[in-house]
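Here the structure of chain X is known, so what remains is to put chain H in place on it, guided by the hints.
Sequences listed follow chains X and H, in order.
Take 3 as the starting number for the first sequence in the working numbering and just add one per residue.
Take 4 as the starting number for the second sequence in the working numbering and just add one per residue.
Among the hints, erroneous ones may be present.
Said to hold, decoys possible - List of simulated lysine-lysine pairs, DSSO-like, C-alpha gap at most 30 Å:
1) H/K235 with X/K96
2) X/K102 with H/K94
3) X/K91 with H/K235
4) X/K91 with X/K42
5) H/K94 with X/K95
6) X/K171 with H/K235
7) X/K202 with X/K62
8) H/K67 with H/K235
9) H/K384 with X/K138
10) H/K390 with X/K171
11) X/K91 with H/K231
12) H/K94 with X/K96
13) H/K38 with X/K171
14) H/K231 with X/K95
15) X/K138 with H/K390
16) H/K390 with X/K102
17) H/K374 with X/K171
18) H/K235 with X/K95
19) H/K235 with X/K102
20) H/K231 with X/K96
21) X/K91 with H/K94
22) H/K73 with X/K102
23) H/K67 with H/K38
24) X/K62 with H/K231
25) H/K374 with X/K102
26) H/K73 with H/K38
27) X/K138 with H/K374
Hints listed in this document are in silico derivations from the structure and should not be mistaken for laboratory results.
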Amino acid sequence: MKIFSKRAALLVSLVATGIFSAPLSANSLRDPDKIAQVAKSVMSVTPPRAWNSLSLRPGKNTEIWTLDGEQLNNVTFFGGIASGAPLFKERNKKREPLPKMRSDTLLVEIPELLEGTIRAYNNISIFSVINSTPAKFLGRDGIRFNYEFTDNDQLPRLGEAVGTIVDEKLYLISFEAPRFYYFERGIEDYRGLVSSASLK
Amino acid sequence: MIKLYVLPFLLAGSAVLHAEPSVTVPPYLGVYHPKGLDEIGLWQEYDEDERQLRDSSVIIRDEKLTAYLKEVLCRTVGPERCGSVRIYVLKESVFNASMAPNGTMRVFTGLLLRCRNEAELAAVLGHEFAHFEQRHSLNEFKKRRTTGDLLSWAAVFAATASAYQSNSSYQDLRFSVYGDLYRYNRDQEREADRLGIAYLNRSDLPPQAASAIWVNQMAEVTFSSQAKGFSKPQFNQIAYTASHPPHLERAATMAALALPEGSTRDDGHARYKEVIGPRMAELLQDQIKAGDFGASEYVITSLAQDGWTADLWHARGDLFRLRGNPRDHVNAVDFYREAVQLDPMRGESHRGLGLSLMKTGQREDAYVAFKRFLELNPNSKDASVIKMLLPTLVEVKQ
Numbered sequence: 003m004k005i006f007s008k009r010a011a012l013l014v015s016l017v018a019t020g021i022f023s024a025p026l027s028a029n030s031l032r033d034p035d036k037i038a039q040v041a042k043s044v045m046s047v048t049p050p051r052a053w054n055s056l057s058l059r060p061g062k063n064t065e066i067w068t069l070d071g072e073q074l075n076n077v078t079f080f081g082g083i084a085s086g087a088p089l090f091k092e093r094n095k096k097r098e099p100l101p102k103m104r105s106d107t108l109l110v111e112i113p114e115l116l117e118g119t120i121r122a123y124n125n126i127s128i129f130s131v132i133n134s135t136p137a138k139f140l141g142r143d144g145i146r147f148n149y150e151f152t153d154n155d156q157l158p159r160l161g162e163a164v165g166t167i168v169d170e171k172l173y174l175i176s177f178e179a180p181r182f183y184y185f186e187r188g189i190e191d192y193r194g195l196v197s198s199a200s201l202k
Numbered sequence: 004m005i006k007l008y009v010l011p012f013l014l015a016g017s018a019v020l021h022a023e024p025s026v027t028v029p030p031y032l033g034v035y036h037p038k039g040l041d042e043i044g045l046w047q048e049y050d051e052d053e054r055q056l057r058d059s060s061v062i063i064r065d066e067k068l069t070a071y072l073k074e075v076l077c078r079t080v081g082p083e084r085c086g087s088v089r090i091y092v093l094k095e096s097v098f099n100a101s102m103a104p105n106g107t108m109r110v111f112t113g114l115l116l117r118c119r120n121e122a123e124l125a126a127v128l129g130h131e132f133a134h135f136e137q138r139h140s141l142n143e144f145k146k147r148r149t150t151g152d153l154l155s156w157a158a159v160f161a162a163t164a165s166a167y168q169s170n171s172s173y174q175d176l177r178f179s180v181y182g183d184l185y186r187y188n189r190d191q192e193r194e195a196d197r198l199g200i201a202y203l204n205r206s207d208l209p210p211q212a213a214s215a216i217w218v219n220q221m222a223e224v225t226f227s228s229q230a231k232g233f234s235k236p237q238f239n240q241i242a243y244t245a246s247h248p249p250h251l252e253r254a255a256t257m258a259a260l261a262l263p264e265g266s267t268r269d270d271g272h273a274r275y276k277e278v279i280g281p282r283m284a285e286l287l288q289d290q291i292k293a294g295d296f297g298a299s300e301y302v303i304t305s306l307a308q309d310g311w312t313a314d315l316w317h318a319r320g321d322l323f324r325l326r327g328n329p330r331d332h333v334n335a336v337d338f339y340r341e342a343v344q345l346d347p348m349r350g351e352s353h354r355g356l357g358l359s360l361m362k363t364g365q366r367e368d369a370y371v372a373f374k375r376f377l378e379l380n381p382n383s384k385d386a387s388v389i390k391m392l393l394p395t396l397v398e399v400k401q
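Isolated chain X, as found in the complex:
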């Protein structure tokens, strides 16, 4: 009897947590052809189609957009990561530090910065950068790169990212999706977002 009541209390508290936390995790729709500020920064995009913006932010100047759910297509905006700051919020600054953006970080080092962040943040060892090339982004010289990794759900994913550094701050938009079907299906929608991106 005692065990049962403990169990009931646990279930009630879990259900209650679920209900009351729901409004906090409200996501929102980004309408097509309307300028949207992203990642609490001066970066904005004009989405050619509707996207969902998640209220969950992995870092201070980040924002996630998705079409079908973040596990199936995940666009992450990094809006002006300043020198000394990590790309994502560190779960524990002391125990689990993440790589930091530096004032002397070069464009060619951006893939390593993102790689180190994803490896350490997700605790994974399967990650490799496939290629990187110079590319224009936000009207400036930037870098585009592709990568592949396997997250904790064991699903092989592909990623593409475009980034540049403006006034010693990192601006980057990445797209990650499962290798089978979803990457191919979503990549053009992501590239549409990238080509519409600008700084205020």
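For chain H alone, coordinates are given in the frame of chain X:
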């Protein structure tokens, strides 16, 4: 830090003080078969986990490597015991190995990176096999099963309420693939230590390796904690030391139980390096990119006790360059220079050297290093981006 240097003396001292009776390997009772509904259910779960593990992309499918690990285990515990084991190598940079009650043994690549010879590998595999032979995880399960259903409900709610980034919705799958981390109690650890040493005493490998790897692991955690700014070692932060608490007493006991005459046996250093060597660069990259600066620096310098290689210098250069403090680049330049001296054809080291030289203002030398990198690796994945840097350096040169 001073404490670490006195460890070997402490061990030597305690070996004399706590001379233990010799240990023996009990007769093998054969493969355990589950009894009763609960255990049969548990076995089915482990079998299902093994299926998921087998198909997982974290498995390194290298038959030669797996066969070698099996051979080392068989030499350690004996041919009749090791027949019941299936070994899986997981690409995961942390130091860990575990064994499920159905005979699935998981070996993480982080363990392979850290072992310096066959004997150290045998010590860890033997220790895990001892937990299996003594059915420790099964006993833990029996003890915990009354709370099992309550935890299952919590897991269901956590999974539905959590978001992707929190990773908790994958915990079930993660356990299937990476294995359940049983926290053994002190008596169980003592039993496994004693049986592990008994296997080694009986084998053709030096049993002293058991306390050596233990001391090395304690030192690594101490370095890692210091680099993070902790005043005390954080043993619970590393999977293996969290589930197998390292105590000086345990290292001392293992040193005392090891057959003294076994110390002259061949520790299989050369064979081990021959098998693991080709994977070394990859294992080092996985380690340094995992973000634990202190642990990585310790692992690299510890491996270098057998002699510095181009792989080790290069990894150390990357480690410092990726941390990226101004003083780190000065060090990185030195480390990459050592790497290219040992292996002038290693393009990646010229790339790293060029980047660190640029950061320290030595742009002319950086130009030369990048040129060499592009000559050696014209089709490298970021050759076109490195090429983009060259004109800026030439301007400075003129």
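So, going through the hints one by one against the coordinates:
In summary, the hint linking H/K235 to X/K96 is supported, as the alpha carbons are separated by about 13 Å, within the 30 Å threshold. With a CA separation close to 25 Å, the supplied pair X/K102 and H/K94 stays within the 30 Å bound. Restraint check: the Cα-Cα separation between X/K91 and H/K235 comes to about 25 Å, which is no more than 30 Å; the hinted pair holds. Proposed proximity of X/K91 and X/K42 is supported: the alpha carbons are some 14 Å apart, at most 30 Å.
Distance check on the hinted pair: H/K94 and X/K95 sit about 26 Å apart at the alpha-carbon level, within 30 Å; holds. Our distance criterion of 30 Å between C-alpha atoms is broken by X/K171 and H/K235, whose separation comes to about 36 Å. For a cut-off of 30 Å, the pair hint linking X/K202 to X/K62 stands: about 19 Å separates their Cα positions. Of the supplied pair hints, the one linking H/K67 and H/K235 is violated, its CA atoms being roughly 41 Å apart against a limit of 30 Å.
Taking the CA atoms of H/K384 and X/K138, the gap is about 18 Å. The hint holds against a cut of 30 Å. Using a Cα cut-off of 30 Å, the hinted pair H/K390 and X/K171 holds, with the two alpha carbons roughly 23 Å apart. At most 30 Å may separate the alpha-carbon atoms for a hinted pair to count; X/K91 and H/K231 meet this at roughly 17 Å. For the given pair, H/K94 sits about 25 Å from X/K96 by alpha-carbon distance, which is consistent with the 30 Å threshold.
Proposed proximity of H/K38 and X/K171 is contradicted: the alpha carbons are some 62 Å apart, above 30 Å. For the proposed pair H/K231 and X/K95, the alpha carbon gap of about 9 Å is at most 30 Å, so the pair holds. The straight-line distance between the Cα atoms of X/K138 and H/K390 is roughly 16 Å, inside the 30 Å bound, and the hint therefore holds. Between H/K390 and X/K102 the alpha-carbon distance is near 25 Å, which keeps this suggested pair within the 30 Å criterion.
Under the criterion of a C-alpha separation no larger than 30 Å, the hint pairing H/K374 with X/K171 is consistent with the structure, at around 28 Å. Straight-line distance between C-alpha atoms of H/K235 and X/K95 comes to about 17 Å, which keeps the hinted pair within the 30 Å bound. A threshold of 30 Å between alpha carbons decides the hint, and for H/K235 with X/K102 the separation of about 25 Å falls inside it, so the pair holds. Proposed proximity of H/K231 and X/K96 is supported: the alpha carbons are some 6 Å apart, at most 30 Å.
With a C-alpha separation of about 26 Å, the suggested pair X/K91 and H/K94 falls inside the 30 Å cut-off, and the hint holds. In summary, the hint linking H/K73 to X/K102 is not supported, as the alpha carbons are separated by about 41 Å, beyond the 30 Å threshold. With a C-alpha separation of about 36 Å, the suggested pairing of H/K67 with H/K38 is violated against the 30 Å cut-off. Between the alpha carbons of X/K62 and H/K231 the distance comes to roughly 23 Å, so the proposed pair stays at or under 30 Å and holds.
Distance check on the hinted pair: H/K374 and X/K102 sit about 28 Å apart at the alpha-carbon level, within 30 Å; holds. Between H/K73 and H/K38 the CA atoms are separated by roughly 28 Å; this keeps the pair inside 30 Å, and the hint holds. Simply put, X/K138 and H/K374 have alpha-carbon atoms about 24 Å apart, close enough for the 30 Å limit, and the pair holds.
The structure fails to meet hints 6, 8, 13, 22 and 23 from the earlier list, while all remaining hints are met.
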